[in-house]
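Start from the sequences and build out the full structure, keeping to the hints where you can.
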Amino acid sequence: PRAPVLARTGARSYVGQQLTASDGTPIGMIFVVFRQALERSRFVSNTLQIFAARAAAELQRQTDDQRIRQQASLLDKARDAIIVRDLEHRITFWNEGAERMYGWSREEVLGRSIATLLYQNPEDFLRATQQVMQHGVWSGEILQCDRVGRTLEAEGRWTLVRNDRGEPESVLAINADIGTRKHQEREIQRLAFFDPLTHLPNRVQLLDRVDQALAKAQRLEQGGALLFIDLDNFKTLNDTLGHDQGDELLQIVAQRLNTCVRSADTVARLGGDEFVVLVEQLSAHSDTLAEQAGAVGEKILAVLSAPYALTGYQYRSTPSIGIALFNHAPTTVGELLKQADLAMYQAKTAGRNTLRFFNPSMQHAVAERASLEADLRNALAQKEFLLHYQPQINARGAIVGVEALLRWAHPRRGMVSPGQFIPLAEETGLVLPLGHWVLHTACSVLADWQRVPALAPLTMAVNVSSRQFRDAGFVDDVAGVLAATGAPASQLKLELTESLLVEDLAATIATMAALRALGVGFSLDDFGTGYSSLAYLKRMPLGQLKIDQSFVRDLLTDPNDAAIVRTIIGLAASLGLEVIAEGVETSAQRDWLAHAGCAVYQGYFFSRPLPLDLLEQLLHDHIAAARTPSL
1 PRAPVLARTG ARSYVGQQLT ASDGTPIGMI FVVFRQALER SRFVSNTLQI FAARAAAELQ
61 RQTDDQRIRQ QASLLDKARD AIIVRDLEHR ITFWNEGAER MYGWSREEVL GRSIATLLYQ
121 NPEDFLRATQ QVMQHGVWSG EILQCDRVGR TLEAEGRWTL VRNDRGEPES VLAINADIGT
181 RKHQEREIQR LAFFDPLTHL PNRVQLLDRV DQALAKAQRL EQGGALLFID LDNFKTLNDT
241 LGHDQGDELL QIVAQRLNTC VRSADTVARL GGDEFVVLVE QLSAHSDTLA EQAGAVGEKI
301 LAVLSAPYAL TGYQYRSTPS IGIALFNHAP TTVGELLKQA DLAMYQAKTA GRNTLRFFNP
361 SMQHAVAERA SLEADLRNAL AQKEFLLHYQ PQINARGAIV GVEALLRWAH PRRGMVSPGQ
421 FIPLAEETGL VLPLGHWVLH TACSVLADWQ RVPALAPLTM AVNVSSRQFR DAGFVDDVAG
481 VLAATGAPAS QLKLELTESL LVEDLAATIA TMAALRALGV GFSLDDFGTG YSSLAYLKRM
541 PLGQLKIDQS FVRDLLTDPN DAAIVRTIIG LAASLGLEVI AEGVETSAQR DWLAHAGCAV
601 YQGYFFSRPL PLDLLEQLLH DHIAAARTPS L
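Just so it is clear: in the sequence shown, position 213 is 213 by our numbering, and no numbers are missing.
Calculated from the structure, these hints are not laboratory results.
Possibly wrong hints are sitting among the right ones.
With a straight-line cut-off of 20 Å between C-alpha atoms, the simulated DMTMM-like cross-links for lysine to aspartate or glutamate are [said to hold, decoys possible]:
#1 235 to 504
#2 338 to 230
#3 182 to 124
#4 235 to 471
#5 538 to 495
#6 235 to 248
#7 338 to 427
#8 348 to 368
#9 348 to 274
#10 493 to 526
#11 493 to 476
#12 235 to 426
#13 182 to 153
#14 235 to 274
#15 383 to 613
#16 235 to 526
See below:
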């Protein structure tokens with residue numbers, strides 16, 4: 001050997017052999033060194049080949065063992081549960097991820113059957129295993145259980161492992177706990193399709209179910225009904241008792257509605273105090289269908305009219321119900337819902353706490369309403385509105401003020417009733433520009449009267465709607481009108497309703513205080529019909545209580561109305577407020593009120609609402625009469 005390292009050993013000869021892996025890849029060399037020359041080199045070479053093969057095999061084994069240990073360490077540290085089981089379902093490998101997910105240690109599970117360990121119902125497990133054996137792999141979601149019996153939602157990917165001969169040997173399972181993800185998915189679905197307060201299906205899910213019901217009714221030639229339910233006076237409850245009690249009522253209503261229907265039917269909440277009940281699988285015969293739907297509606301009326309035990313309150317509520325029927329005749333979800341909604345409004349018009357079936361004549365009412373709305377939008381620009389004024393008289397017969405009342409002189413419809421167009425103006429938002437026009441016109445008249453000494457002391461009462469009062473720019477609007485017209489703020493009286501005052505007490509008081517700082521006065525209109533309390537009356541800068549005409553009308557014949565009027569007059573006196581009675585139509589009513597302590601009146605007994613020219617003629621007549629000495 002010429003190599004220095006071999007020369008230093010005194011070697012005279014050597015034999016070498018390459019070491020190769022089982023696939024023929026070189027992995028090293030082996031040498032045998034001799035101190036004398038070789039004589040039987042073939043024997044030595046053959047023997048060396050045997051040793052080389054053994055050495056290569058041992059090196060391969062050590063390399064494989066190291067790789068397996070590295071892989072096992074990686075598998076052990078994996079976050080997912082990795083489990084290997086033999087073909088008898090006995091566990092042969094169980095990593096740390098499996099320990100964390102299921103709660104058993106490796107030592108506790110090795111050799112145990114995975115079918116009984118992780119599955120309360122092994123049928124799903126056996127079906128998935130069959131898929132693995134047939135196709136070599138299975139992936140999907142499966143229910144498992146942990147050490148304490150808690151159900152786990154798992155996502156698994158199971159692979160069949162074969163030996164060198166291609167024979168099935170074991171199953172490798174990689175499982176992940178997807179419980180959190182599934183919970184989030186269900187929460188997203190709940191928010192998308194269910195009402196968070198009542199847990200009923202929401203509008204989106206209702207529309208889908210109605211669509212399916214219509215398709216089924218056509219396919220099976222069945223009938224069904226859609227019941228649109230609105231709670232009567234729900235806004236008053238929210239305004240007086242608060243939103244917590246309102247929410248509590250809605251939850252109880254949802255529970256009660258569910259007791260009125262079958263499992264195949266649907267109870268949904270559209271929003272606010274509106275609910276819809278979808279009843280399916282009814283008769284396709286129109287008379288029988290109406291009878292069946294009516295029976296459901298009557299049951300709902302009775303159930304929802306029972307008293308409600310709210311937190312701290314015993315409350316009574318009633319529903320108004322509209323019913324739209326359907327059968328195998330083609331229709332749409334939107335059309336059916338619109339029909340039920342129209343019928344519900346007819347129930348409200350009929351006095352509430354009742355039900356109405358949709359009929360085609362209601363479509364005419366809708367068309368008429370749409371036409372009226374279009375005319376209303378045009379009326380301001382066309383100057384079709386005007387004010388009439390009703391005098392307010394004191395006990396001596398003198399006119400002390402007037403109330404400005406809005407009128408609509410339509411060129412085709414004639415005089416349109418305020419009961420028709422005022423609610424429509426509120427709904428559409430037209431009440432804001434309309435309210436500004438009323439305020440500006442009334443204040444212009446009030447300013448003109450300041451130039452006539454006999455008229456200068458008169459007050460001007462102007463009704464303010466809830467939407468107008470809640471508008472962020474209302475205080476500035478009033479201040480601007482007073483400045484522009486020159487009307488004295490001290491003689492402007494804004495009439496507010498009880499329901500308006502209690503909607504948001506803090507905001508109401510703040511707005512009233514800002515207006516009072518301008519000098520504007522307030523009258524509480526229709527007093528006695530709402531939910532007034534002495535506590536908030538004392539906190540508000542009111543100047544006058546107005547007794548509603550519903551009490552004045554029968555005070556001579558109804559002891560209850562008479563008692564209410566006396567109470568209001570006494571309350572006003574105790575609070576230092578002026579009191580005025582509206583709707584006075586006879587001298588007997590006026591005399592009774594005067595004797596009870598009410599000193600200001602308004603009603604047809606004195607004068608109906610008059611256009612400005614006739615009012616001013618009446619005012620001048622009163623002035624002249626006052627100046628004429630009595631004989």
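Here is what the structure says about each hint:
For the proposed pair residue 235 and residue 504, the alpha carbon gap of about 12 Å is at most 20 Å, so the pair holds. Note on residue 338 and residue 230: the hinted pairing holds, with a Cα-Cα distance of about 14 Å set against a maximum of 20 Å. At roughly 19 Å between alpha-carbon atoms, residue 182 and residue 124 fall within 20 Å of each other, so this suggested pair holds. About 19 Å separates the Cα atoms of residue 235 and residue 471, which keeps this hinted pair within 20 Å; it holds.
Straight-line distance between C-alpha atoms of residue 538 and residue 495 comes to about 17 Å, which keeps the hinted pair within the 20 Å bound. Restraint check for residue 235 and residue 248: the C-alpha separation of about 14 Å stays at or below 20 Å, so the hint holds. Only pairs whose Cα atoms come within 20 Å are accepted, and residue 338 paired with residue 427 is accepted, the gap being roughly 18 Å. At most 20 Å may separate the alpha-carbon atoms for a hinted pair to count; residue 348 and residue 368 meet this at roughly 18 Å.
With a C-alpha separation of about 13 Å, the suggested pair residue 348 and residue 274 falls inside the 20 Å cut-off, and the hint holds. At roughly 15 Å between alpha-carbon atoms, residue 493 and residue 526 fall within 20 Å of each other, so this suggested pair holds. At most 20 Å may separate the alpha-carbon atoms for a hinted pair to count; residue 493 and residue 476 meet this at roughly 16 Å. A distance of roughly 15 Å separates the Cα atoms of residue 235 and residue 426; the hinted pair therefore holds under the 20 Å criterion.
The straight-line distance between the Cα atoms of residue 182 and residue 153 is roughly 8 Å, inside the 20 Å bound, and the hint therefore holds. Of the pairs offered as hints, the one joining residue 235 and residue 274 holds, with about 12 Å between alpha carbons and a cut-off of 20 Å not exceeded. For a cut-off of 20 Å, the pair hint linking residue 383 to residue 613 stands: about 18 Å separates their Cα positions. With a CA separation close to 17 Å, the supplied pair residue 235 and residue 526 stays within the 20 Å bound.
Going through the hint list in order, the structure satisfies each hint without exception.
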